[in-house]
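Construct the complete structure from the given sequences, taking the supplied hints into account.
Okay, here's what each chain looks like letter by letter:
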Amino acid sequence: MIQTARVSATATTPTLKLRGLTKSFGSVQALRGADFEVRDGEVMALVGDNGAGKSTLIKCVAGIYSIDDGEVLFEGRPVSIHGPKEAARLGIEVVYQDLALCDNLDVVQNMYLGREDHDALFRLREAPMELRTIETLKSLAVTTIRSVRQPVATLSGGQRQSVAVARAVLWNSRVVFLDEPTAALGVAQTRQVLDLVKRLAEEGLAVVLVSHNLIDVFEVADRITVLRLGQSVGVYERDRTNEQEIVQAITAGTPAKEASA
Amino acid sequence: MNSAAPAEITAAATDQQSLAEIARARWEAFKGGEVGSLPVIVGIIAITIFFTAKTNIFFTAVNFSNLIGQMAGVTVIAVGIVFVLLIGEIDLSVGYVSGIASVVVAEFQVAGSSHDYPGLVAIGLALLVGAAIGAVQGSIIAFLGVPSFVVTLAGLLICQGMIINLLGTQGVIGIQDHQINDVANYVLTKNTGWIVAAVFTLLLAAASFGTYVSRRRAGLPTGNLMLTVLRVVFYAGLAWAAVAVCNHYRGVPLVGLIVLFVVVLFGYLASRTTFGRHVYAVGGSAEAARRAGINVKLIRILCFVISGSCAALGGIIFASRLNSVDLTFGGGTILLDAISAAVIGGVSLFGGRGRVSGALFGGLIIGMISNGTDLVGSADWIKYVTTGTILLAAVTLDTIARRRQGAAGR
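Line order of the protein sequences matches chains A and B. Everything in the first sequence is counted per this note's numbering, starting at 1 for the first residue and increasing by one. Everything in the second sequence is counted per this note's numbering, starting at 1 for the first residue and increasing by one.
These are computed hints drawn from the structure, not numbers from a lab. C-beta atoms are modelled at their ideal positions from N, C-alpha and C, and glycine is treated no differently. Some hints could be false.
Stated by the list, open to error - No farther apart than 20 Å at their CA atoms in a straight line, the calculated lysine to aspartate or glutamate pairs in the EDC-like style are these:
id	chain 1	residue 1	chain 2	residue 2
1	A	85	A	71
2	A	198	A	180
3	B	297	A	86
4	A	17	A	69
5	B	54	B	380
6	A	85	B	287
As the list claims (entries may be wrong) - Coverage of chain B stretches by chain A, computed from C-beta distances (three or more under 8 Å per stretch; other residues unrestricted):
id	stretch
7	208-218
8	276-287
Claimed, not checked - Here are some chain B residues pointing at chain A (derived, C-beta under 7 Å):
id	residue
9	272
10	273
11	291
12	292
13	293
14	294
15	352
This is the structure in structure tokens:
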């Protein structure tokens, strides 16, 4: 099923394409002309060593950093993203490594953070928000959360990650970035989250998985983009590469095998 | 523990629970650090018993009316402090901002001067000045990132200086304007008092049962209906009792109604609007709020505007109460009393936790101690030591609660 989705996807324009992205902080160049693309229905892994520019790339796309130079194409047309709200409007959602949840708020409040359902007088409409939260969690088969009205502080790491992912898909999103979603999780909870990642792609979303864990990457990714020192080394198809080749690309930066098709 | 219970997702576990089960769940939550309003209720009862035993003036209708007047200013200021604490900041300037507002409201009614305005206009101007001071301080904190502790400490000194400057030549301004003096001294007729209690009951019932009905219609768990009824009966009962006691003497003081209005208005703002939700979000995690697209800077500034405005209203009440303004205004224990009231009322100093109504209950405790020690004729040092001890206890409780909650999660 994933297979068919990918084959049909490769024929279309990428949902999100980045060309020659540069970004520096003072004298530090975090991105030096990075290229990247992801299509509907595929899981694209984004890998690279510490300082390769993965987080910077995400934050540029999410509208948290402004880019110095380069092009962002959404469904083939150039866009510029100023701020998280504009990214959200395009359907780009990011699940951050440190989750970006408010511990003092409950699950519903976190799911709708910054985009609360309200009437003309800015009064909150709690019932619809709660209903859709429950529906969304159910559709993603997240069943371990007992009450959506409990504070996020009381949830386990896997549950928190599930809430963060569910929040990203609540908004008819097109592209979902997951930044190290399994980094802090145990075996069973990692399993849960990886299943969640696959389910997102099956539902037709373009999913970007940023991870250090190549076992995870090879399990769920369809393609793998390697980033090194702020530049893209290459894009590899999961079925035509192996861990050794990817490690080589991450550490030494071998030339691109198939320059972004 | 959480992952061991793979139950079906429900909105609130309290759906079909009996009152006994709810009580047991609350007790568990209490042990887990969710102390809720219990310490405050126990405190109020304990203080009442203590002073009633010490003097027979304390538990009287006359003293209750006096108490409302004495606690009003600090309570209103504490409501503003709640918003600043909720975003994890502090406002040390509220004492002298209230002093500035006192001077402004007095200055703009001086008979025969070039700026002899009607009382309500003077009150409006004083509120604007308070809001403006809050906006300036909030902007410095939000845009430049200067710690609020330092910005508002500087604000405290600047405002104190301005008061001395404004009052410099004569040192005191009398207030003749009736509208201003009515703020703290007007007493509602007995029938109006009853109407206020009735309106309060209606609003409370509408809000509580409105929530119940809308959840029921949406097919969401509603919680125990009895509990909702009991809550409405309890708070409505308090309101009717308060009116009955006041009417036993002269009637409900207007200033009591003002305090109630401020608490209900800002309580609604905090718990039922997007703005309030964003305030809690910024206090919980400013970075998470920013990434969710919330305008964190604007929220910060607005909280300081609320704090400044509430401080100004407090200052107007102080000025009205004494029918004059002098150099002592804004000083003394106003600042510390207001912060103590908010913290004793359960608002966390670490941001993100607490309710606006806490200011009312904290203000009541602070007011009762001050009132009681005065009646008993204790020396001032006893008042300070008692208030300080209770504040310390409240902050310790908050810290322990926070640590317990951290341990309970994850």
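Against the structure shown, which of the earlier numbered hints fail to hold, in ascending order? none
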